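First to last, the protein sequences are chains A and B.
For what it's worth, my numbering labels the leading residue of the first sequence as 3, then goes sequentially.
For what it's worth, my numbering labels the leading residue of the second sequence as 27, then goes sequentially.
These aren't lab readings, by the way, just hints derived from the structure by calculation.
Hints are supplied without guarantee of correctness; some may be wrong.
Claimed, not checked - Under the rule of at most 27 Å between Cα atoms (straight-line distance), these lysine-lysine pairs were calculated in the DSSO-like manner:
(1) K226/A to K40/A
(2) K231/B to K175/A
(3) K175/A to K227/B
(4) K314/A to K40/A
(5) K323/A to K365/A
(6) K298/A to K314/A
Unchecked claim - Partial pick of chain A residues on the chain B-facing surface, computed with a CB cut under 10 Å:
(7) G143
(8) I144
(9) G174
(10) K175
(11) W285
(12) E286
(13) A291
From a predicted model like this one, the values you see are computed outputs, not experimental measurements.
For each residue, glycine too, the CB sits at the ideal point set by N, CA and C.
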Amino acid sequence: MKICFFHLMPYRFLPADFEQRYRSVWVDVPHSLYDAQKVGDLYHEYLDELEFAEQSGFDGLCVNEHHNNAYGLMPSPNLMASALTRRTSRAAIVVLGNSLAAYNPPLRVAEEFAMLDLLSRGRLVAGFPVGTSMDTNFAYGINPATLRERYYEAHDLVIQAWTRPEMFSFNGKYTQIRYANIWPQPLQKPHPPVWIPGGGSVETWEWTAKLDYVYCYLSYFGYKRGQATMDGFWDVVARTGAEDNPNRAGFLQLVCVADTDAEAERLYAEHVHYFYQKCLHVWEGFSEAPGYRTLKTMQAGIRPQVGAEARKIRQSLDWGKYLDAGYVIAGSPQTVRQQLTECVQSLRVGHLMVLLQIGSMPKDLTLHNTALFAKEVMPHIRDLWPGYKDRWWPSGAGA
Amino acid sequence: MAERGGGMSPRVDHVALRDGALTVEVLSAGQGAPLVYFHSFHERGGWSPFLDRLAARHTVYAPFHPGVAGSTGVDALEDVLDLTLAYDELLDALGLDRAHLLDHFFGGMVAAELAAVFPRRARRLVLVSPLGLWRDDAPSADIVILPHEDLMGVLWTDPGSPIARQWATLPESEAENVAAQIESVQRRSAMARFVWPIPDKGIRKRLHRITAPTLVLWGDADRVNPLPYAEEWQRRIKGAALSVRGGGHMLIHETPDVAASAVEEFLR
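Same shape as in the complex, but just chain A (with noise of 0.2 Å):
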């Protein structure tokens, strides 16, 4: 089992009547809320975090790519990554990753992996989101009607530029390369792993298992709103007749320790709120462009993380219910391991991330969750799912 410590870096200052006065934290927030300087200041607060992490005992480092958005400050995940290749040596470095329809073209994918493998001598995992309805279809203008089409074609060239021995042309429908030949090539053969965070599409699920890639569920709710997505990804794996090997998941969980239950509502309570409150405070008319689920996808009712039925429900936790519903697990390194052992196994996840920076959450106090949670958490549920191979671990990292 591998335990990954996953940033958004998020803005941590937003105004204390942000949702009441601006409409989304995303797509449309408006400069006059950002401040430059404390960025720049927060860059190198989050990249000190995920430094720490490694040195405590995580094995991988999560950075992932959304852009107009407070909550996310990495446009480019693959800065991140670079800058922390050269100061860490053993944890694997997983981008989650880069949304490949906005590339263009998407060699620059290929490209930039390859460089980042060779520079972690090994370490990348490669994720290949669709991307958010906001940060494709509204940040980057791409037509939601083609996204997944563009998607598919731009994963083909990616894995064709690290796979094929010689240059190729590629006379695709988004993108033609007449000299398709890559300078570098990754380090890992035939390719480092691919990893797909996906939101719960139906088709992403058949894919993933297809290709026999690692298919991570990236929510803000919890394991148990998460059961009925694993589920609907473990079913189809079922259906091709592959082995069910719990390394085949990843999952994303929001995770507060502390030395007591009580303790944890103290420290951790109000950038839990700012979290939930702020950072997915999403106008409905961004939550989803029209054609970005598929017709298969809308029929099977899974809805959108944000917008307003999301918002409804949102407005209305506290810490209790963050808790009882399982968005948070929080409390005692007691409770925290016994929720997240419930976590791992009910969901058969055999790569969990967890998000230990949440929301305002100050460096000291990340510093201080992070520590706990690795010292007091980690040993206990590393070896959940003993006997299983993981095919889809980067060959470079720390295993």
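Add chain B to chain A, keeping to what the hints say.
Just chain B now, kept in the frame of chain A:
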């Protein structure tokens, strides 16, 4: 949620194009010179009191855009030019060499493209608040994404009017309600593919090709497609007339008599 109705029961045809890769459902009714109506995002398509009135003197054809109602195959269409070619093929299949072209908003973009790419197809062209130009100083509303409750105040002069409320009412039963919402997303998805993220797809370069006498019809309180566009369309199409009437973006449904009279007068 639609302006269905009107007294007539139009005939329904399913026209297969490109060996069945595309099917277009076409409603038709009336007698007289052929008139083809192209609908917009926020109409389910189909028949309306406005078309009822026009069918008194014309044979009105109202196709559903591919991806809407019984029209299929939108995935095979790449862009608005591709859609225009498909409609050229539809006119052939309907046996219409030339016809009056009428439309609303997204439909206006389609009709204008058709009249520009195939000038001989259009006898007369009526553009009702057409989409297709872009001005940074007066962006048209991003109505394909507006949540239902926000949409009302943008589309209608008076969101509380009976016609607006009738349009907005969703079915009560859960199954029908869900089906209506899925239909709405599918319909907007089908059209959004041709206009995302900004509806300027180069039509300004082609408008000089339009030879049909053209009327640009607008509601003075159009909050979706503001008046500066009315003047811009008139200026860009040689000899075009402009008629601004009292009403909102949904002019043709708010005041079907007034709108139909304006159209009739121009086609006469």
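For each hint, the structure was consulted:
1. K226/A to K40/A: Given pair K226/A, K40/A is violated - Cα atoms ~35 Å apart, limit 27 Å.
2. K231/B to K175/A: holds (25 Å)
3. K175/A to K227/B: Holds, at roughly 19 Å.
4. K314/A to K40/A: At roughly 31 Å apart (the allowed maximum being 27 Å), K40/A and K314/A break the hint.
5. K323/A to K365/A: Distance ~26 Å between K323/A and K365/A Cα, so the pair holds.
6. K298/A to K314/A: holds (25 Å)
7. G143: holds (4 Å)
8. I144: holds (8 Å)
9. G174: violated (13 Å)
10. K175: holds (9 Å)
11. W285: holds (8 Å)
12. E286: With a minimum Cβ separation of about 5 Å from chain B (threshold 10 Å), the hint on E286/A holds.
13. A291: OK, holds: A291/A within 10 Å of chain B, min 6 Å.
When the structure is compared with the earlier hints, violations turn up for hints 1, 4 and 9 and for no others.
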